[in-house]
Structures are given as C-alpha cells and as structure tokens.
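Enquirer: In the order they appear, the protein sequences are chains A and B. End of the first sequence = 537 in this note's numbering, gap-free, step of one. End of the second sequence = 171 in this note's numbering, gap-free, step of one.
Everything labelled a hint here was simulated from the structure, so no lab data went into it. Cβ coordinates follow ideal geometry from the N, Cα and C atoms, glycine included. Just so you know, not all the hints are guaranteed correct.
Covered stretches of chain B, going by a simulated chain A footprint (3 or more residues, C-beta under 8 Å) [what the hints assert, rightly or not]: (1) 30 to 41; (2) 52 to 58; (3) 84 to 91; (4) 99 to 105; (5) 129 to 140.
Over the 10 Å line for every Cβ pair with chain A, so calculated as not near, a few chain B residues [what the hints assert, rightly or not]: (6) GLN44; (7) ALA65; (8) VAL66; (9) LEU67; (10) ALA68; (11) GLY69; (12) VAL70; (13) LEU71.
Here are the computed distance ranges between Cβ atoms for each label pair [to be verified]: (14) ARG237(A) - VAL66(B): 37 to 43 Å; (15) LEU207(A) - SER123(B): 47 to 53 Å; (16) PRO235(A) - VAL66(B): 46 to 52 Å; (17) VAL95(B) - ASP168(A): 16 to 22 Å; (18) GLY127(A) - ALA94(B): 25 to 31 Å.
The lines below spell out each chain.
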Amino acid sequence: MIVDGLVWAVGMGVLGAVVFAAIGLVSGTDETATLAPITLLVVLLGTPPAGVLTFFIAGAVSKHMTHAIPTTLLGIPGDTTAVPLLDDATALRRLGAPHIALRKALAGGLLAALIAVPISVGIAALLAPLAGPLKLAAPFVFLVAAVFVGYFSPGRWASVLAIAPFALLVAALNGLATAALGTPLSISFFLGIAIGPLVVDLLVATSRSGRQTLPRSGTRTVWLAPDLGAGGRWFPNPLTILSRRQAVTTAVAAGVTSTTFMLSPVAATVLAGEIVGARIRHPYRRLTTLMAVKNGTTESTYLAETLIPLVAFGLPLSPVAAGPAAALFNAPPVYTVHGPGGGVHNLHSLLQPWQFLVYGLVGVVIAGVAAYPFAMRYARAASAWASRTISHEALIGAFAALIAVVSWYEGGLLGLAVSVSIGAVGGLANRVLGMTSGVQFMAYYVAVLSVPLLLH
Amino acid sequence: MSTTPPARQDDSGQPRDPARSPDASHADPSPEELPYRIVWNDAVDPRQLSLSIALCVAIGLPAFLVSRAVLAGVLHQPALAGGYALLIGLVGCVLGAAVCARLFPPKRALAEGPETDRAAALAELESLGGTAEEFAALPRDVQGELRALGLAPDAMPVPDAPPASEVLPVPEARS
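Chain B with its partners taken away, still in its complex shape:
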C-alpha cells in the first residue's frame, strides 16, 4: 500500500523470501551442495533409501513367511494362517519403517516465524485485486473476517469499526 513506510518493505523483501518458500529450494546454486534426489515427490539420500527398502523388506517379508509357516502348523483352521500372517507381516513393515525413521533423519528443515508481515500481505492482496473499493463491496461477515486478520485497508473508514488505533500496521493485529 502507498501508506507503507519503505523500511518495512525492505525488511520483507528478497533476501529472506527464498529460504521461506518451499518451491525455491529446487533452484539452488552449487550441485555438490545438493546431495539428495527427489524420489516420489520428496528428497531422499539414494544410499539410505536402498538401505531403508532392504531393511523394511528384510523385516516384513520374513515376518510374514515365518509366521505363516508356524501358524499353518498350529491353527485348527489352517486357512486362517495366511490372514494372520499377513497382519504380522504388516506389523513387521511398520516396525521396519520405525527403525528406518530412527536411522535416517528426514531431509527437510523447518523454517518458522512470521511469513509475511502485514504490509507485505496487504500489498499482495492489492496486487491480486483486493482494492479498497472491492472491500467496500463485500458483505459484512467477510469484511469482519478480513478485519480480524488485519487485512482491511487502512484508508477505508468503516462505519462500525473503531478508527485509527485498531488498524495500525502491527503484525500482531492478525489473530
């Protein structure tokens, strides 16, 4: 918005944005800093992936085969052995995954903190077409939602809103 002090815009500008946006993590500079590959939509270490598959299969499949062989001998209705063995095999798969999750940590880093401050959010809203005139045309319940989020335009005096102090550009105004 035109009322925004320039300092705030700098604060929320380019330098911090790439780290925050998940899409930006593809477009990184040097290849030796990119040891992982995207497999089935997420980053994995190829060696750890092979080990992980080997480990899970090595736990799950024998769990199924051994329990089927044992149950077939023990149960009165051998037909049920396959079903129970399947369940034990599934538990084996989950156990294997738990072990792998311990051994191989995720290749993700969580970035936390406020993504956009209010000024940037308001500028974004206006660039999408959310002008003050459009705001005025909204039904009251939607206006109320926007006001609660601190996304109501400052320049727009609204009859039932407390003036000035309520609409100061403080990030905490969103809640």
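Pulled out of the complex, with its shape left as it was, chain A reads as follows:
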C-alpha cells in the first residue's frame, strides 16, 4: 500500500515536473489557467491521491523554476506570479548579469520550497482541531473569505461589491444546468474563471469597435542574454549560489510566509520584497537578494496556501487553494467539498498529515532533481527554442480546444456555454474592476455553499 503510493507519487511527480517545466518556458502562460485544468484532468482520470498531490507540487515548483527563465533572460514575466520579480530582474539584466538573476531566483525558490512543506504541514496540524467547527460554519467562512480576498485584490471594494452579482450569476447558471442535466456543474465554472482573461481578449478581437483597444504590435524583438556557463556541477548547490546572508534571509522569509495562508502569493512577495529590499544599500546586493527572497516567498506562500487548507480543513480557503489547486479539493465526481452527508471527500480525507509531508517533499525533491538543474544549465537554449518554435497562436489554440473538450466532458454543449459565459463575465470583471480570478473562485463557493443557506 505504502510502496504502491510511493510508486504513484514518484511517477506522477516526474510527469508533473516535466509537463510544467515545459509549460513554464512558454512566457505569458497563466498559473491558474494551466495548473488548474491539467491537475483536474489528472484527478478525473483516476490517479491515486498520492500521485495527484506530487503531480501538483512537483508541477507547481517546476513551473516556478522554468518561468523564471523568460522573466530573467527575456524580460517577459513568465507568469502572473513572476510579475513582482520583473523590475529587479530587468535591473540585473542591464547590469549584464541576467544569469545571476536567474540562479539566485532558482536557488531561493528551491531552498524556500524545502522549508515550506514541513512548516506548512506543521501549522496545518496545529490548526486541525479547528476543522470540525469550521466545517459547520463553512458557508459563512467562505463568505468572509470572499470579502477578505476581494478587499486585497486590485479592485478593493469594487471586487467586494461584485461578489454578489457574480455569485448570483453562478447560482443561476447552475440552476439552469441542474434543470437541464440533472446534476450541477463545477468544472465548467472553474475553467471559465481560469481562462476569463483569454476569453475577453478573444471577444474583443472579434469586435469591430473593440479591436482598436488591443495594442498593435510588429514582430516583437526579444533580447536574449548571452550564456556564461552554469559552473561545472550537475546539481548547483543553492547554498553556494546564495551568499550566506542571502540564504539566511531567504530561509527566514520562507519560514514566516509558510505560516500564512490567506495572502495571495503576489501580495506576500511584494511585502517581503519591500521589507528586505529597504535594508540593503548596495544595488547589486539588494537586487540579487531580492531575486532569491522574492522567488522564495512566492514558492513558500504558494505551497503553504495549498497545503495548510488541504491538510487542516479540506476546504479551499485560500486564493491558491481556490484557484490553481482547486482540483485537489473539488473535482466531482472524484473529489467533493459538499458530499451527500455534507462531508468533505478529497485529499484531506484520503491522506494522513505525515503522507502530506512525505509526498509533498517527494514533489519538491523531484522538481529539484528534474527542473532545477535543467533550468540552471539549459536556460538559454530552452528559452531560445520556445520563443522560436511555439507560436502564441498555437498556444491559445491548444487552450481553447482544452477548454472545449473538458467542459464538454462535464456538461456537453451546455457545459461549454457555461464556461464561455463565465469566462466572458469574469474576464471583464477582472480587467475592468480588478476582480481577480481568486475573488471569482471564492464567489463560486459562496454561490454553491452560502447562497442556498441564505435563501432558506
């Protein structure tokens, strides 16, 4: 049983690391839009819980490593979570040291990931006694969490106010789907929220008046920094890449942020960057320390936000848990947060805390063995290959088709229509109001868990 779990864990971990290391190279891919649907697919195909967990952890950590490559070498954010690193990476690029930026970021990320898993599982164990009362109060907790996440999104009060119409839209569409199909939909809603920004861009591109608002562009010139060698070793030791102070600062920042699970990773990263950056005078030292600390904080917050709610409550009570990691909590019919008896049936109930610790570390180690040396060594060749061969048209085409297939799998044509409708409304709310997909995921849970109670 344990051996079986470990075999699945390692196998799926390697698969996740390879798949997401490749996806991370393609700049501009959105975290939620890639991790959520593909993890969902892995769950729906019947992968055992250990395999699902390592797939997600190895995938997320690998993606964070390879997406640092376009961020540091090409000057394009590899992902939405890489945006806070961009200014510092650009400054180091202008100093002719993009490869140093990359190595510091990778070393900080790996160090933080190794620290974050045990700390967040430990915090979750401390919070677990609260799980019982919390589950009874879940509908209201989600309401509060939605308001909290909304307030800290770029839209502030607009996002909070928009929770009501958005949740009502979800409830109405779900009612329609239940009437037509006999069961409610959920995957289609997830996908719609995740790819909202893409749906809006595509709609705007087809609008005769709207098209003018999309920025024009010629062939984009992407400057690629020269390769300066990775230094002989196959596994560059993160502790020798970082200076001693950098390693300590990164470890402390990662340890502290591993205990939080309500801030978004971007917010935690910006905050940690402000605190650390203000104390270092020399620009080179400040920039390289920021690369390590910021990338490390993104990693540790990300893992804590996934693992703490998962291990302690089984309810997706954080922006990451409700977004990219959503399929670990809720992927009907395999996993569910509101089963027939009102119970949670997902990784939380299927794995013990020690298993989370072991498989979580297995995921991080696999990413460290597969993606980390690869990113350290072949960073330049890989970004050159990705920007020369994978056109953005092909990437968008693949995602459009993926959404069509998966939503059709859940609800036929109606599922697809729900995905596109939610994508259009959610994407507009994201762009116009600053209501991020995290707020929208929370609003979805409000619609499913809180609205029915409020109506009765």
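For this one, chain A is given, so just place chain B on it according to the hints.
Expert: Chain B in isolation, oriented as in the chain A frame:
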C-alpha cells in the same frame, strides 16, 4: 564611470538600445508596419489565431466525442469511457497545437549578443547607487561575486585583488 572613454559610451548608446529592449517594441512608428495584435500578453496575427483555434478545436473535440462513443461500446466498464476519451481529446489538443506551431510561426525575433558592455553596466550600477564607498562596505563574498562579474569599481583598490591588469574594462571579464 568617469574613467570611461567617451567612444565606448557612444557605442552602447541610443541607436542600438531600442531594438534590444523588449519594452521598446510597443512604441514603434508606422501602423502599417504593425500587423499584429497583443492577445493574452503576446503578439498574434488575428487571422492565424482564428484558424489556429478552429483547427485545434476541430481536432480535439471530435477526438474526444468519437473516442467516447467508440469506447462506451467496447469497454466492459462504460463509466471509464469518459476518462479515457478525455485523455485522447487532450492528445488531440496537443497535436492540433503542434500542427499550428508548424503552420504559424511565432511573431517574435530573437536579438542576441552582449546587451551592455562593461562601461554601460558600471554606469548603470553607479546610477543605482552602487558607488565605490558602498562597494567597500560589502561583505567579502558579495565583493567577490561583483569582481567575478567585472562589476567591481576600478578606482577601488582591494587588498586581495590583483591590481591593474585584472580590472581592465574588457567585456569578456564577466564570466
């Protein structure tokens, strides 16, 4: 830095910079030379994008629907048909993307070569506040990193560094 010969600064000045910086590609002159649009954070040809989406959906969705219909009849456990069909549909999506990547090349051009020479990098470092006095205040391991990158200030004699020849303004000094 004040020691930099003016010729070097000209060499690394305005004319070459816009082409190198990815941010500068937005601010280009004539509209007819800008046939692409930025969709989902990167440049695409709108017509090719429509074709690409149509092609990928036309491969992925039928792959899923047909294999589900076939598998439902063949498998002993028809409940699994959906799951396997989903996998086949996903393979269809990836195949579609591979075809599209062949048909429609990326709208990016790679510019390579040294981005900044050492003089420009040093000037940049100083403008950010990396003066010689600040350098002297750094711990030795950070000083060592900067020296390896050729970013240690020339004017700053460091006890354990070999003088003059090591710190000449040669771009190759970075490695």
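Enquirer: Take the hints in turn and mark each one as holding or not.
Expert: Structure-based check of each hint:
1. With 12 residues having a beta carbon nearer than 8 Å to a beta carbon of chain A, the stretch 30 to 41 of chain B meets the requirement of three or more and the stated coverage holds.
2. With 5 residues having a beta carbon nearer than 8 Å to a beta carbon of chain A, the stretch 52 to 58 of chain B meets the requirement of three or more and the stated coverage holds.
3. For a cut-off of 8 Å, the count of residues in the stretch 84 to 91 of chain B with a CB near a CB of chain A stands at 5, and the three-residue condition holds.
4. Figure legend: the stretch 99 to 105 of chain B, annotated as covered by chain A; annotation consistent (6 residues with Cβ-Cβ distances under 8 Å, at least 3 required).
5. Residues of the stretch 129 to 140 of chain B with a Cβ under 8 Å from some Cβ of chain A number 7, which satisfies the need for three, so the listed coverage holds.
6. Not every Cβ of chain A is farther than 10 Å from the Cβ of GLN44(B); the closest lies at roughly 5 Å, contradicting the non-interface assignment.
7. At roughly 13 Å from the closest C-beta of chain A, the C-beta of ALA65(B) stays outside 10 Å, upholding its exclusion from the interface.
8. For VAL66(B), the non-interface assignment is confirmed: its Cβ lies about 15 Å from the closest Cβ of chain A, beyond the 10 Å cut-off.
9. Taking the minimum C-beta to C-beta distance to chain A, about 13 Å, the non-interface status of LEU67(B) holds against the 10 Å cut.
10. Every C-beta of chain A lies more than 10 Å from that of ALA68(B), the closest at about 13 Å, which supports listing it as non-interface.
11. Distance to chain A confirms GLY69(B) as a non-interface residue, since its nearest Cβ pair spans about 18 Å, more than 10 Å.
12. The Cβ of VAL70(B) sits about 18 Å from the closest Cβ of chain A, beyond the 10 Å cut-off, so the non-interface label holds.
13. Chain A leaves LEU71(B) outside its interface by the beta-carbon criterion, the shortest separation being 14 Å against a cut-off of 10 Å.
14. Between ARG237(A) and VAL66(B) the beta carbon distance is about 52 Å. The supplied range of 37 to 43 Å is therefore violated.
15. A hinted range of 47 to 53 Å holds for the C-beta pair LEU207(A) and SER123(B), which are about 48 Å apart.
16. Checked against the hint of 46 to 52 Å, the C-beta distance between PRO235(A) and VAL66(B) comes to roughly 47 Å, which is consistent with it.
17. Range check, VAL95(B) to ASP168(A): about 38 Å between beta-carbon atoms, so the 16 to 22 Å window is missed.
18. Taking the beta carbon of each, GLY127(A) and ALA94(B) are about 27 Å apart, inside 25 to 31 Å as hinted.
In summary, the structure is inconsistent with hints 6, 14, 17 from the numbered list given earlier, while agreeing with the others.
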